[in-house]
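Asks: Chains as they are written, first to last, in my numbering: chain A, 1 to 270; chain B, 1001 to 1333.
Keep in mind the hints are simulated off the structure, nothing from the lab. Hints may contain errors.
Below, computed lysine-lysine pairings styled on DSSO-like, alpha-carbon distance capped at 27 Å [to be verified]:
1) B:1083 to A:132
2) B:1230 to A:16
3) B:1231 to A:95
4) B:1325 to A:95
5) B:1237 to A:106
6) A:132 to B:1082
7) A:132 to B:1237
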Amino acid sequence: MSKIEIKNLTVDYVEKRKSFTALKDVSFSIEEGEFVSVIGSSGCGKSTLLSILEGINSPTSGEILIDGEPIKGTGTDRGVVFQHYSLFPWMTARKNVAFGVKQVNKNASRSERLKIADEFLDKVGLEQFKNKYPSQLSGGMQQRVAIARALAMDTDVLLMDEPFGAIDAKNRTILQELLLELWEGDGTKARKTVVFVTHDIDEAILLSDKIVMMTANPGRVYREIEVPFERPRNRAQLVQTKEYNKFRNKLLSLFYSDIAEKIGGEEVVL
Amino acid sequence: MNIQAKTAAPPAIAFDKKEKTASNLKSEIIRRYFRVVHALFVVFMLIQLLPDKLASDTYASYAIWFAVGAEVLTLIVSALIKKPVSLNLFVDIVAFIYGLLIAWTLATAKFNLLKPALFPPPGKVFSQFIEDYDKILVNVQSSIGIILQGYLLAIAVAVPLGLFLGWSARLGGAATYISKFLGAIPPIVYIPYGIALLPTFRSVSVFVIFLATFWPVLGGTMSGVMNVEKKTIDSAKVLNVNKATMLFSIMLPASLQQIFIGCNQGLTVSFVLLTSAEMIGAQSGLGYYIKNYSDFGDYTRTIVGLIVVGIVIVIISFIFNSIQKFLLRWKPA
Ligand SMILES: Nc1ncnc2c1ncn2[C@@H]1O[C@H](COP(=O)(O)OP(=O)(O)OP(=O)(O)O)[C@@H](O)[C@H]1O
Ligand SMILES: [Mg+2]
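Hey, can you work out the whole structure from these sequences and the hints?
Replies: Here it is as structure tokens:
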């Protein structure tokens, strides 16, 4: 049994009697401990898919099973990083993370929660900004706090919607490595199952076991591609290999052939 | 906030600053101590030298001591205060008071332009204030006691209820319309019911203040909750918070600004209602003090009462604003 099974998922947005199909008949499954990236052009329904996985939206038809159980609303088994950073503005960075920890770990004392918060804020490089409010942080810093919160919650499943999109290249590299390191762990614990939305093909290759490529109007799965590279992956070495460039070109041509098909057809979306 | 500013400051500028400290000090002294307010103080002192035109005692020494006190305070504040904006505010208020005192002294004691029975000279008012100090304190306590009781009780009930109803209304409900309707009724119309239902003036006052505060706070809280961004609610939802946490840890802070608007409105209306009610039916309180002495034609004490009401309101709104500022310190400026 797969950890997550997405079965014939269709999502319509209804607005003033007009209906828009954001996802149509999307099916794929994700194994326990698998790192899956979802890529696809803007508006193809990646965030919509995640919102169903998060449990804050429900599908028009079809369903998602986690551990064989259909999703009914939100759950503490899933940690979430939204595309648009969403901290609580009245809590400091530290409190935001500690608040997340409290929701999944009711037994932890206040000082334990704060300790965990500090630890993860250190990891994302924000030790100096712990006591700042979100309004005093840059967008990228806010997103790093949100990432720290999701990681500190230590959930089975991580759902991340373009988490590094607003972050500068240097910090992005650091965070990618941090995420991989936390995901790979020290071998004592089962790996987390990760669903990771990105626009960045290199990021997807570096991080994932499998890449799900989506296509727009209506949102559908276009291809599922296994990433053949062994772990642990070394970014600097990997990008220089022939195999990497071949694989990357293959992904790119798939991506553009999808768009070319669209241009050839009636709908033109770029 | 200023970490970047600090690290970004190039050394050249820092050096420049050092060189200029001498002239900086001079301009700093001018900024702090060379102000119109002190000129006004001197003017006030000088007009004391004019001969009195009033037959009765003008108690000028009280006014002079008051002004000297204000001047000493202003100098201390000028030396200690950090923010230029706060200093300007403080100094402007004192300057306004001096201006008022000058005009008042000239119009009464010095030129006798107004009816002395209705407009006593400032010194007389100050001396009356000192004489009546204990009595005034008792009346202030009585009024504030009633207001606080009704007001705090109303907030304690309206906020949780507003959070709950607002949350239900978000999910689609009639709560909004019902509270709009009930809130539209001016609280003063509840007075007859209060009198019929409740035994004492005090309990009626608390009841009316309760209602005067309850509706705006309830309305503010509900509209606050209904305007919380979906983004905020979604991030709370994915953390799987329970309902109590959602209401008190998320909705409450997220709608705090609107709650404060309701609280502010309630406070203003409460003061108007209470002082009016005290003028009509009470044996204590600031409204009673004013009305009682004006009935006896004692306008010195009436003016004392008016000034005290003004001071009380200024102090209360200062405290209110400080609390609001503190609780909303996370809001971007
Ligand atoms: N609440 C909504 N109501 C109506 N339509 C919506 C809503 N949310 C999304 N859509 C539509 O559904 C489609 C998919 O949106 P979605 O946000 O899932 O795209 P996305 O793949 O995440 O895009 P991006 O890469 O730009 O984040 C878009 O065409 C969008 O206009
Ligand atoms: Mg999106």
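Asks: Looking at the structure, which of the earlier hints fail to hold?
Replies: The structure breaks none of the hints.
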